[in-house]
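Given chain A, work out where chain B should sit, using these hints.
Residue-level listing of the chains:
2 protein chains.
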Amino acid sequence: MKVLKEKILREGKVLSDTVLKVDSFLNHQIDPAFTMDLGKEIASRFEKDSVTKILTVEASGIAVAMATGLALNVPVIFAKKKRAATADPNVYTSTIYSFTKDESVDIYVNSRFLSPSDNILLVDDFLAQGEALKGMVDIVKQSKASLAGAGIVIEKVFQGGGQALRQSGVRIESLAPVSSLAGGKVLFEN
Amino acid sequence: MKVLKEKILREGKVLSDTVLKVDSFLNHQIDPAFTMDLGKEIASRFEKDSVTKILTVEASGIAVAMATGLALNVPVIFAKKKRAATADPNVYTSTIYSFTKDESVDIYVNSRFLSPSDNILLVDDFLAQGEALKGMVDIVKQSKASLAGAGIVIEKVFQGGGQALRQSGVRIESLAPVSSLAGGKVLFEN
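The listed protein sequences derive, respectively, from chains A and B. Start counting the first sequence at 1177; every next residue gets the next number (the working numbering). Start counting the second sequence at 1177; every next residue gets the next number (the working numbering).
Errors might be hidden in some of the hints.
No copy is singled out in the list; a pair is fine if it fits within one copy or between any two copies.
[Stated by the list, open to error] List of simulated lysine-lysine pairs, BS3-like, C-alpha gap at most 25 Å: (1) Lys1310 / Lys1258; (2) Lys1197 / Lys1257; (3) Lys1257 / Lys1189; (4) Lys1317 / Lys1258; (5) Lys1277 / Lys1258.
Simulated from the structure, these hints should not be mistaken for lab results. Small disclaimer: the values here were computed from a predicted structure and weren't measured.
So here's chain A without its partners, still in its complex pose:
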């Protein structure tokens, strides 16, 4: 997605060979109109897949997931991190490890929001080692719903998570696949 790549080059900051900071428009401050365009683009890549629901994980995937859900006219679920006091005992859970935060966290989805007749599209802002995506795939499997695939805003291809998930049969559409951040320079795969 050309406008996204241009925005990354203009506003993104390469903090190390693995860390790309895009907090001015994606995961701390959001540009709502631009986020709607990201959602429309993800939706267009899955428009023939009869998606019934979108699943993301809190927090930074929510805005793009909502934009995608609006474009596909389907509900959006965000998996929550750790059990809240008001949560139902009836939940699907998975444990994910965040390399950025160096901590493991449990994510959960109330089981009444996912059913075997659903066809789920996963949406997230970043794909790196793929931990969050693996956790969501795990939850979809537990629910016996079908998995349409995953729509990702920025994939750091060189960190391997996407490759492993594709090899396991998950269709992944990345709007901006980054092949390298070496030397402080953002290179895109295509």
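Okay, now just chain B, sitting in the frame of chain A:
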């Protein structure tokens, strides 16, 4: 907001005299088109206030904040909970206590996203004791930006947070002010 109140009566579950569960459309599963309507309604109540940015706190305020930002055509910032490894040292922070989760958490906003020339609208899904809102007001004060007010989807008026904040001069617009959950019944203030 009539359609919101009807949706609360239809889909909400009163779990106790203080807990109203609305996870089917507001804070776990989201109805994107309905969320857009919530955002438009909040925006309409502040349309003459020259809002320059919206501030919410992750995670469940993000969808409504984005819808409001889209309607007002301004950026949305979501305060993050606790410091991530990639965060800038240059941040405004505040500590908030969650009665629901029985834990304190630090929220922070990168200081470059708020400036004294900004006029900030706070947005959140719930207002109960007002802890999250107080934390956001604190952050806005630190930045020396102006505060336009707060747009809230559901205010549990009987828990007093809104009253305390209004007395301190904060304008609060609640789309569904709940006066009581006693006896498993949702009563609205007006």
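Each hint tested on the structure:
Proximity of lysine 1310 and lysine 1258 under a CA criterion of 25 Å is satisfied in both settings, with 17 Å inside one chain copy and 24 Å between copies. Taking the shortest alpha-carbon separations for lysine 1197 and lysine 1257, both the intra-copy value of 22 Å and the inter-copy value of 17 Å come in at or below 25 Å. In the homo-oligomer, the alpha carbons of lysine 1257 and lysine 1189 lie at most 25 Å apart only across protomers (21 Å), although the nearest pairing inside one protomer, at 27 Å, exceeds that limit. Taking the shortest alpha-carbon separations for lysine 1317 and lysine 1258, only the intra-copy value of 19 Å comes in at or below 25 Å, while the best inter-copy value is 31 Å.
Taking the closest pair of Cα atoms, lysine 1277 and lysine 1258 come within 25 Å of each other both inside a single copy (15 Å) and across two copies (10 Å).
In summary, this structure violates none of the numbered hints.
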